[in-house]
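Chemist: Residue strings, one per chain:
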Amino acid sequence: MSNNISCSRLAMLFKHDWVSHWKDKAILAGLIFGLTILAYSLRNILPSLHVTFIGFLIWIIILTPAFFCSHIFHNMRTKQQKIAYLMIPATRAEKYIVRFVDYVIIPPIIATVTFLIAMAVVCMFSNWYIDFHECYDFIKNTLSELQGLEDKKILFSIVLVVITAMTAGLSAFILGGTIFKSHAMAKTILVLIILQVLMSALSLNISDLATDHGNNTFFAVTMAASAFYILVIIACVTASYLLFSRKQVI
Amino acid sequence: MIQIENITFGYKEHKVFDNLSMELTDGNIYGLLGLNGAGKSTLLYLISGLLFPKYGTITMDGTDVTKRRPESLSETYIVPEEFELPNMTLKQYVKINSVFYPNFSQEMLEKSLEAFEMGTDLDLGQLSMGQKKKAYLCFALATNTKLLLMDEPTNGLDIPSKSQFRKAVSACMTDNRTIVISTHQVRDIENLLDSIVIVDDSKIILNEHIGTITEKLAFVNVAIGESCPNAIYTQTSATGAAAVVCNTTGKETPMNIELFFNATLAEKEKMKGVFQK
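Chains as they are written, first to last, in our numbering: chain A, 376 to 625; chain B, 40 to 316.
Calculated directly from the structure, the hints in this document are not laboratory data. One thing to keep in mind: the hints can contain errors.
With a straight-line cut-off of 20 Å between C-alpha atoms, the simulated EDC-like cross-links for lysine to aspartate or glutamate are [claimed, not checked]:
| id | chain 1 | residue 1 | chain 2 | residue 2 |
| --- | --- | --- | --- | --- |
| 1 | A | K622 | B | E123 |
| 2 | A | K454 | B | E121 |
| 3 | A | K454 | B | E120 |
| 4 | B | K201 | B | E229 |
| 5 | B | K134 | A | E520 |
| 6 | A | K454 | B | E191 |
| 7 | A | K622 | B | E121 |
| 8 | A | K398 | B | E123 |
| 9 | A | K457 | A | E509 |
| 10 | B | K185 | B | D233 |
| 11 | B | K201 | B | D233 |
| 12 | A | K556 | B | E121 |
| 13 | A | K457 | B | E229 |
| 14 | A | K556 | B | E123 |
| 15 | A | K457 | B | E121 |
| 16 | B | K201 | B | E153 |
| 17 | B | K134 | B | D160 |
| 18 | B | K130 | A | D392 |
| 19 | A | K454 | B | E123 |
| 20 | A | K390 | B | E123 |
| 21 | A | K457 | B | E191 |
| 22 | A | K457 | B | E123 |
| 23 | A | K398 | B | D162 |
| 24 | A | K622 | B | D103 |
| 25 | B | K185 | B | D214 |
Could you build all of it, start to finish, from the sequences and the hints given here?
Modeler: Printed below as a string of structure tokens:
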């Protein structure tokens, strides 16, 4: 991204993007808020439906980042939209950053904040409350059960590999959203399934290696996997940016 | 000034332009004419940097347009044949888009809207296609960019709006502005153009100023039963014929763009000879 980045242009572009596409985020916020309220309202009335709605909610929160990442260039799906966006007087890097912030960073924040607000509303208007002390004690006890540096190292490597793997997955959706004009999410999932099948043999050998040779090997393998996922993230985002900057109106 | 140097461009197997060069100078309204599929829209997209040539360069005041730099984009505006406007008021649209164009003129926007007999309180989502086009054209004119490219701007406009369009464009023209209008409806832009560019067979077959054309050619009407032996090209109709002849008298005749366009395509070599003299 060697192009110049101007803060004032970024702000103007972000405002332009937000005003043009705020409805997607409003729908997301409304959906999460509504489902949360509904799920907890049903807690005492229909416990089985309450569980179903909680399930929906969890799925929506999990799928939200993937959905928005794969719609990163949803504003350029038609030729007319492509012309309109590419002709805005801003650098390619600025246009990419704005779409990245608006569709990769903001939606999970909106989802989380809306969920927390909805929970606060539920707590305010019902006798149900969240015992934060209980949550804190649970985390504290879990951590204290880890014996010594060795366990902490393993826990760190697991957390790292999970975070990097999830981010790599999202970066794949970003790349998918750049490549595919329509049904980007479904097509990316399909490609990921194919890749997963192709890599399954390799990953099986790695997990065998990890379980056969104890904690040190497990740590090394998970760290190597994290490094691999970081490379995947860098490759996907770079490829997505390069593809975006080479986009033409054909 | 737009400088196109030796560009080659094609879609997969189909070559649209081969080693094409031309220059567009400031202060002119160019009419980009050509048959369907000749590459008029492609040329506009290449000039605006929306397409990249395979070979060759296109520069705007020395800046490569394919770099899509904000400095050149803020001086370029393209009105595509088809476009989408968001569901918002014109005021909101202007507010979020005009900030990118340093020379945007609210006064010019209001004048253009007035020329089209439209007010400023418009809800873009509620407008018909023709009204949307008029609002979009007004915004494009008001951006005051050095280069304004319009692809079939009169498509979808009703008959009064076509003359209003000519009026609005003339009012917004300045000495350091270049306007390129690509169209196959040549009568809609008659009396508006300063220069004519004709695209055919992957090439620019003509790029001449109207003054030069009327200096070298005369457009005459021939009554039924009469002939015009010196005609370069004759087009017959129910009321007689119209002919293009070499202007030997030095007296300029009103330009008939449609006749000139047909003559240029039908008699390429003869017309080329006229302008090479």
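Chemist: Determine for every hint whether it applies to the structure shown.
Modeler: Checked hints:
1. Among the hinted pairs, A/K622 with B/E123 is consistent with the structure: their alpha-carbon atoms are about 19 Å apart, no more than 20 Å.
2. With a C-alpha separation of about 9 Å, the suggested pair A/K454 and B/E121 falls inside the 20 Å cut-off, and the hint holds.
3. Taking the CA atoms of A/K454 and B/E120, the gap is near 11 Å; set against the 20 Å cutoff, the hint holds.
4. Distance restraint check for B/K201 and B/E229: the Cα-Cα separation of roughly 11 Å lies within the 20 Å cut-off, and the hinted pair is therefore satisfied.
5. Restraint check for B/K134 and A/E520: the C-alpha separation of about 59 Å exceeds 20 Å, so the hint is violated.
6. The hinted pair formed by A/K454 and B/E191 meets the criterion: a straight-line CA distance of about 16 Å does not exceed 20 Å.
7. For a cut-off of 20 Å, the pair hint linking A/K622 to B/E121 stands: about 19 Å separates their Cα positions.
8. A distance of roughly 17 Å separates the Cα atoms of A/K398 and B/E123; the hinted pair therefore holds under the 20 Å criterion.
9. The hinted pair formed by A/K457 and A/E509 fails the criterion: a straight-line CA distance of about 51 Å is larger than 20 Å.
10. A C-alpha spacing of about 16 Å is found between B/K185 and B/D233, which places the hinted pair at or below 20 Å, so the restraint holds.
11. A hinted pair counts as satisfied when its Cα atoms are at most 20 Å apart, and B/K201 with B/D233 qualifies at roughly 18 Å.
12. Taking the CA atoms of A/K556 and B/E121, the gap is near 19 Å; set against the 20 Å cutoff, the hint holds.
13. Restraint check for A/K457 and B/E229: not satisfied, since their Cα atoms lie roughly 31 Å apart, outside the 20 Å limit.
14. This hinted pair checks out: A/K556 and B/E123 have alpha carbons roughly 17 Å apart, not beyond 20 Å.
15. The hinted pair formed by A/K457 and B/E121 meets the criterion: a straight-line CA distance of about 12 Å does not exceed 20 Å.
16. A distance of roughly 14 Å separates the Cα atoms of B/K201 and B/E153; the hinted pair therefore holds under the 20 Å criterion.
17. This hinted pair checks out: B/K134 and B/D160 have alpha carbons roughly 13 Å apart, not beyond 20 Å.
18. Between the alpha carbons of B/K130 and A/D392 the distance comes to roughly 16 Å, so the proposed pair stays at or under 20 Å and holds.
19. Using a Cα cut-off of 20 Å, the hinted pair A/K454 and B/E123 holds, with the two alpha carbons roughly 10 Å apart.
20. In summary, the hint linking A/K390 to B/E123 is supported, as the alpha carbons are separated by about 19 Å, within the 20 Å threshold.
21. In summary, the hint linking A/K457 to B/E191 is supported, as the alpha carbons are separated by about 18 Å, within the 20 Å threshold.
22. Under the criterion of a C-alpha separation no larger than 20 Å, the hint pairing A/K457 with B/E123 is consistent with the structure, at around 10 Å.
23. Taken as a hint, the A/K398 and B/D162 pair is honoured in the structure, with Cα atoms around 18 Å apart against an allowance of 20 Å.
24. Restraint check: the Cα-Cα separation between A/K622 and B/D103 comes to about 16 Å, which is no more than 20 Å; the hinted pair holds.
25. Pair hint B/K185 plus B/D214 holds up; C-alpha atoms about 10 Å apart against a cutoff of 20 Å.
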